[in-house]
Structure formats: C-alpha cells, structure tokens
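S.K.: Sequence:
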Amino acid sequence: MRRYDLSQHAKDVIAERHIRLALLEQVLESPELVEPDSGDPALTHNLGRIEEHGNRVLRVVFNGSTSPLRIVTVYFDRKMKGKL
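Sequential numbering of the sequence shown, starting at 4, is according to my numbering.
Keep in mind that the hints were calculated from the coordinates and are not lab data. Keep in mind that the hints are not guaranteed to be accurate.
Below, simulated DSSO-like cross-link-like pairs (lysine-lysine); rule was C-alpha separation at most 30 Å, straight line [what the hints assert, rightly or not]: (1) 14 with 86; (2) 14 with 84; (3) 14 with 82.
All chains should be built: construct the whole structure from the sequences, respecting the hints.
M.R.: Pasting the structure below:
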C-alpha cells in the first residue's frame with residue numbers, strides 16, 4: 004500500500020510530464036535536499052537528481068501533516084539544475 008495520495012493536479016502533471024511514480028517515490032523516500040514551502044508551512048519540498056534524466060532535479064511538493072502524505076505537485080525544477 005502506498006504511503007501517499009496524489010492530488011488531482013499531481014496526477015495531471017505526472018501524466019503530462021511522463022514522470023514515473025518510481026521516480027517520485029525515490030525522491031520522496033531519499034531526498035538530497037528538503038526545503039520548507041515559502042508560503043504554506045504544511046508543505047515540504049523534497050528534491051533529488053534523477054540520473055536517467057540527465058541529473059535533472061525532480062521536486063516533489065507534499066503535505067506531510069496528512070495521513071497518508073498528500074502529493075501536491077511534481078516537476079523537474081530547471082532552476083535547481085547543477086545546484087545539487
């Protein structure tokens with residue numbers, strides 16, 4: 004059983020951007036960097052490089068105060084390229 008739920012927005016962007024759930028789970032479970040959200044204290048950003056995508060940085064934004072975790076959005080963060 005998954006320990007997270009996907010918001011409709013997250014489902015949409017995962018499909019549009021062809022992001023495999025295994026990559027989301029990799030960053031969720033073993034982030035290289037964890038950041039708080041600047042606008043919502045309930046949200047956390049986990050970031051990790053994805054080797055099979057040229058070490059692009061995948062950002063997973065989730066609400067950790069819910070059970071299970073609620074994934075809000077997922078995207079390759081262009082601004083973080085080369086910073087991890």
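S.K.: Run every hint past the structure and note whether it holds.
M.R.: Consistency of the hints with the structure:
A C-alpha spacing of about 27 Å is found between residue 14 and residue 86, which places the hinted pair at or below 30 Å, so the restraint holds. Distance hint between residue 14 and residue 84 is fulfilled; the C-alpha atoms sit about 24 Å from each other, no more than 30 Å. Distance restraint check for residue 14 and residue 82: the Cα-Cα separation of roughly 23 Å lies within the 30 Å cut-off, and the hinted pair is therefore satisfied.
Of the numbered hints stated above, none is contradicted by the structure.
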